[in-house]
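Here are the chains, one letter per residue:
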Amino acid sequence: MSAAGPSQGAKGAPSGGSAAASAASVGAHRPKHVDHARRQILAWGAAMAGVAIAPGITLFDLAHGRPPAEPASRTKRWGMLVDVNRCDPDCNACVTACDREHGLPAAKTATSAQWIRKVELTDMRGRKQSLPVMCQHCAEPPCVDVCPTGASFKRADGIVLVDRHTCIGCRYCMMACPYKARSFVHEPVTGQRPDVPRGKGCVESCTLCVHRIDRDQLPACVEACAAAGHKAILFGDLNDPASEIAQRIAAVATRQLRADLNLGTGVRYAGI
Amino acid sequence: MNRAAFARAEARWFWLLAAAGAAVVLAGLLAAHFMEEHGHVVTGMDNQVVWGMPHVFAIFMIVAASGVLNVASIGSVFGQAVYKARAPLSGLLCLALLAGGLFVLMLDLGRPERMVVAATHYNFKSVFAWNVFLYSGMFAIVAVYLWTLMEPRLGAWSKPAGLAAFAWRIVLTTGTGAIFAFLVARQAYGSALLPPLFIVMSFAWGLAVFLVVQSAMYVWNGRELPAPVARRMRNLLGVFIVAVLYLTAVYHLTNLYFAKQVAFVRFILVDGGVYPLLFWGGYVVVGSLLPLVLIYHPRFGRPRSMLAASLLVVAGAFALLYVFIVGGQAWPLDIFPGYRTTSSFGDGRVAAYAPSVPEVLLGLGGLGVAFLITVIGVRVLHFLPQDDLRPAAEAGKP
Chain S
1 MSAAGPSQGA KGAPSGGSAA ASAASVGAHR PKHVDHARRQ ILAWGAAMAG VAIAPGITLF
61 DLAHGRPPAE PASRTKRWGM LVDVNRCDPD CNACVTACDR EHGLPAAKTA TSAQWIRKVE
121 LTDMRGRKQS LPVMCQHCAE PPCVDVCPTG ASFKRADGIV LVDRHTCIGC RYCMMACPYK
181 ARSFVHEPVT GQRPDVPRGK GCVESCTLCV HRIDRDQLPA CVEACAAAGH KAILFGDLND
241 PASEIAQRIA AVATRQLRAD LNLGTGVRYA GI
Chain A
1 MNRAAFARAE ARWFWLLAAA GAAVVLAGLL AAHFMEEHGH VVTGMDNQVV WGMPHVFAIF
61 MIVAASGVLN VASIGSVFGQ AVYKARAPLS GLLCLALLAG GLFVLMLDLG RPERMVVAAT
121 HYNFKSVFAW NVFLYSGMFA IVAVYLWTLM EPRLGAWSKP AGLAAFAWRI VLTTGTGAIF
181 AFLVARQAYG SALLPPLFIV MSFAWGLAVF LVVQSAMYVW NGRELPAPVA RRMRNLLGVF
241 IVAVLYLTAV YHLTNLYFAK QVAFVRFILV DGGVYPLLFW GGYVVVGSLL PLVLIYHPRF
301 GRPRSMLAAS LLVVAGAFAL LYVFIVGGQA WPLDIFPGYR TTSSFGDGRV AAYAPSVPEV
361 LLGLGGLGVA FLITVIGVRV LHFLPQDDLR PAAEAGKP
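Residue numbers (this note's numbering), protein chains in the order written: chain S, 1 to 272; chain A, 1 to 398.
Bound conformation, chain A alone (with noise of 0.2 Å):
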């Protein structure tokens, strides 16, 4: 194919691919509108599970959204050549994954027309708060250090930008995992256990996410990442699994240790329904053994390997945190220990929770918003990595 012929029909790829995320971003709004009009008594969240399918979306988003900044810090905080050609691109994936995850939270909200309250109104007791905060500071930071990366004029500045959003990524983790942390009524909760695991889930999450949007653009453009390249990224992702899988059996392992907390971790892990089907088979097996399996058999190690991996380690999320957060919430509250309680209001009783189609359009329409604004930057922008261009000893070097 020619030059030309190729920029016509990559012209033509792009329209139809930002075509196609523009309708998911549309169904998003659509289901948040029907949301709105009647009521959140068409989802599948009650007052006993308050938080559903659209807050596994978007907790999901923004906890990859601080994730996937690693790689640019990894390349301008800790000098690595091979992340620093990716830091842009790192940085725009940021940026979409944040905006995909606010765009689900807010438009989940009982009156999201009251965002201005929320801009407006602050409680300073409020994680939520200190969220808005940091949530906004991020979008700002990251595009001070985009602009520090793209324009050479100011490639002195890259450093500091990228040491300030590496700091401010590590404290907006620790802001999310904070908002559970802080949760001192249910048992799933308020453990000083959950940020850390949270920093270290968006290590992995947005690690995989990167590495599934970098394999997309390789394919795009025709090119192979260089080998050595693809397996530095890929034994980061192997540590980050593992790393998780650590703290999470730290998690259920201190939650076990306390008498008060057995009956919880039983329902959780053992004969809660679909919640233990969901952690052991979609976040242990699929989301973490198969994803090492294929980052470490001597069998596997190609790019397609590695793209599977982390399509498995996102699907392995999504199963961990609706276990989290819907599963933490079935669970019934203890407000009366030692004695079996009934009511009108499910005490004592375990919740049924199953998503609705709106709440899930509307999760989905976050992943469209990160998408679309993923597709207008690398169509717009130079983002794709260019160690390709360096002299083919020098990337060969492990």
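Excised from the complex, chain S in its bound form (with noise of 0.2 Å):
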């Protein structure tokens, strides 16, 4: 205590008093005791993990709009409406902001992953239209139906998947599917994203860009074709009644893709 004194002194209560002051200085005096460059220490570790932690917290909350351990919501029905007048023939906006964000080669040929397509339609007078084609995440999907692992199956909420792990490369899927929306990776793959594993020898198709879904933001392709002005691709919950997507299909006359089929598609189209 001793020893302690003169530095307490400088740097504690004023010294001096009455009795009660002097009570009052020696209970202030107690936290006097520890140690300065300990407690520096530990605010500089504290402040140095607040640091290391801080982003993690922060892409831990952007990653998981929904939180990891809650299941995708069966109140939810995914979907997406394509206005085929306002889609650019000329626009291939969808496409190559697919490509990016799931590391999907850029060369088009017939053995390379396309997850997205734009198709150009011509009808009996010539008329022609171009439209987006990826998987329509049906509701009766044939590709889960007849994949014999189960590696395809559907979310909750509607998104038709490829479970990478369970995929033994059969292909019947592809065989099954009516909107040839499924590729078959037929080389090694490079280039990544983190978000979207992928693998040779598997077979894979538009995901709905389940990973930016459940971080509550717009699939790539949405987003990339209302910035090139054209927001042709509108997407939002089917099951919502007020939701922007719902009243659209509610309003205008639209149609299923093979709707002869019954699968109850998760993607419509107007104006075909």
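For the record, the hints were derived by calculation from the structure and aren't laboratory data.
Each hint should be verified, as a subset may be incorrect.
No more than 25 Å apart at the CA atoms, straight line, and that leaves these computed lysine-lysine pairs for DSS-like [stated by the list, open to error]:
#1 S:K200 <-> S:K154
#2 S:K200 <-> S:K76
#3 S:K154 <-> A:K125
#4 S:K108 <-> S:K128
#5 S:K128 <-> A:K159
#6 S:K128 <-> S:K231
Keep in mind it's a predicted model, so treat the numbers as computed, not measured.
Got two chains here, each in a separate frame; can you build the complex from them with the hints?
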């Protein structure tokens, strides 16, 4: 104590005064027993830990708009509405955005993965239209029915996905898909994106940008289409009557591709 | 040649044939390794034609595997002595062809190392998953059936085992046909006619394979197939060839009746390039009409013409399967009926497919597996039909 006295006196409560003040001063002196060097180290440590953890916490928060433990909601049915009249035949923004988002090859060949493609339609009178075609995220997906291992599956919120760990690469789902929406990875994969694991020998298709949806972001193609000034693709919850997509579908004539198959597609088209 | 010299020569030939079979299997394995290493980009398959030459080989072998068992079924289930003598060979060929077909099918997978996943994860809504059980069950049932046939003490069980094998093989071929019948997306498939068509195809192709192997075994042993036996089996092959022709015609005619299918039928049968050529030239003429002439024309009818007819049926089977599997996928999906379509992904365009060397080698490797199992089987066990040991008068009865 005595050894600590002078320094405490120098930095502590004013010396002298009443007994009460003296008692108070004794009480006030107690915390001053801490080692300031140690406190400083602890403070620096805490600050550094904060610096280290904070971005992680922020990223964690960003990456999990839906907490990881919480399953996808059955009350939602994610879908898209493509307004073909707004789709510019010369615009490929949705395709390039998809390629960039998922690390898909830019070169388009018969063996390259194409999760979304622009299809040009010509009717009997010669009228041309252009529209994007991707996985239609069916309510009754034939790819899920035929998959022998259950690697093709439908999430509770209607998103049809492929489990990379159980896909054996039999390609039966590709035979079954009426929209040619699936691609087989024919070559070793380079330039993978952390959010989108891919692998040679597996089948893959549009995930509706599930990694973005789970962070409350829009699919890359929807965002790119809007950024290009077309707003031809509307994304939202088909089950929510108040959502813009549900209201649009209620208001305008839309169609499902191969509606005769009664698959209940999550992607709808207006203007065909 | 005395008995010892014959045994030595036979042993030499056996090892030679086994080595040849093993070399073909090795080539198939190396091809599969090459495909696994580089990905399916080294094959002719792509995102439009997703099943190619390996599937032609595999499906031929699996369909023929169930069909070849018919010889045993006619013996055990329907009590025909001539066929019962051939039941063990029929069972062996069934196992050999099934193993060969599965060899190809498994090694063509994008991830063949995940077979354990396929064996432990099942989606029971998938006809592919059913087939995993049907194929493994077939191995087990036919193995038990062979046991009852070859172990005299179990002889009484051969009839129920044969009946079970017969029922199982019908379901198995139905399952193989259903792989395509359940595909609503593509115009070539999605027909309830396909399972019965596959069953009839299995009758013809299985019997043809059986006759080829039986001919080789008789030549090997310096024996001649008894004429009445040869006549009965030849006639049966003829009936099966006509049955396949009939159901194939019905399949195309029903397609032709639906306006939405006409363009596809025209493609397959008239202006689709290699596909009509293989259908009419390969399947109809070489694989059906020529064998029928060889079987029924009075100028023919010798053992050699029966062998030739059987080989032609096998060749025709490959032609028909190529048209069915590859041609059926080459035709573009009709996603937008009433529109012409173009895209970077082959929409509205007939896909080009040319089989590559690795995938053909893989298919041949499967045939090599079937060959090797057969050669080893007939060497170590008694599979040669024994009706030539019966009294000549009895064997001579029609």
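Structure-based check of each hint:
1. S:K200 <-> S:K154: Distance ~22 Å between K200 of chain S and K154 of chain S Cα, so the pair holds.
2. S:K200 <-> S:K76: violated (32 Å)
3. S:K154 <-> A:K125: holds (14 Å)
4. S:K108 <-> S:K128: holds (22 Å)
5. S:K128 <-> A:K159: The given pair, whose Cα atoms are some 67 Å apart, is violated under the 25 Å limit.
6. S:K128 <-> S:K231: holds (20 Å)
Of the numbered hints given earlier, the model fails hints 2 and 5; all others are met.
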